[in-house]
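Sequences and hints are given; from them, build the entire structure.
Per our numbering, the sequence shown runs over residues 16 to 92.
Worth flagging that the hints you see were computed from the coordinates, not collected in a lab. Do not take every clue at face value.
Unchecked claim - Using 20 Å as the maximum straight-line C-alpha spacing, the simulated PhoX-like pairs for lysine-lysine come out as follows:
| no. | residue 1 | residue 2 |
| --- | --- | --- |
| 1 | K24 | K63 |
| 2 | K61 | K24 |
| 3 | K54 | K24 |
As the list claims (entries may be wrong) - Here are the in silico distance ranges between beta carbons for each label pair:
| no. | residue 1 | residue 2 | range |
| --- | --- | --- | --- |
| 4 | C40 | C60 | 24 to 32 Å |
| 5 | Y83 | S42 | 23 to 31 Å |
| 6 | D35 | R81 | 21 to 29 Å |
| 7 | I86 | T52 | 37 to 45 Å |
| 8 | S90 | D35 | 24 to 32 Å |
| 9 | S90 | F25 | 38 to 46 Å |
| 10 | E88 | E44 | 41 to 49 Å |
| 11 | C40 | Y83 | 24 to 32 Å |
| 12 | P43 | P89 | 45 to 53 Å |
| 13 | L19 | R79 | 21 to 29 Å |
Virtual Cβ for every residue (Gly too), placed ideally from N, Cα, C.
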Amino acid sequence: MLSLLLCLKFMCTGCGSAIDTALQCESPETQDQQGATTKIHCPFCKAKNQVVFTTDGAIHAVTRARTYERIPEPSVN
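Right, here's the structure in full:
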């Protein structure tokens, strides 16, 4: 069992503020350089950031997390 405490530092995709966060990660596999994705809310502007990182703490991508909204259906008038 692999258990890690990672400290990630990145810039918010919404307002550009610096975000420092700590993540507790656990995995039954012990492969080196496993990747993971998580969504983290900015404490300042509340934007959702999607962070892609590996077990060594390297951040590979920070993008705005997609929020899927309902698509309106056209009226049949």
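Okay, the hints, checked on the actual structure:
no., hint, verdict
1, K24 / K63, "holds, 15 Å"
2, K61 / K24, "holds, 17 Å"
3, K54 / K24, "holds, 14 Å"
4, C40 / C60: 24 to 32 Å, "holds, 26 Å"
5, Y83 / S42: 23 to 31 Å, "holds, 27 Å"
6, D35 / R81: 21 to 29 Å, "holds, 24 Å"
7, I86 / T52: 37 to 45 Å, "violated, 25 Å"
8, S90 / D35: 24 to 32 Å, "violated, 48 Å"
9, S90 / F25: 38 to 46 Å, "holds, 43 Å"
10, E88 / E44: 41 to 49 Å, "holds, 44 Å"
11, C40 / Y83: 24 to 32 Å, "holds, 26 Å"
12, P43 / P89: 45 to 53 Å, "holds, 48 Å"
13, L19 / R79: 21 to 29 Å, "holds, 26 Å"
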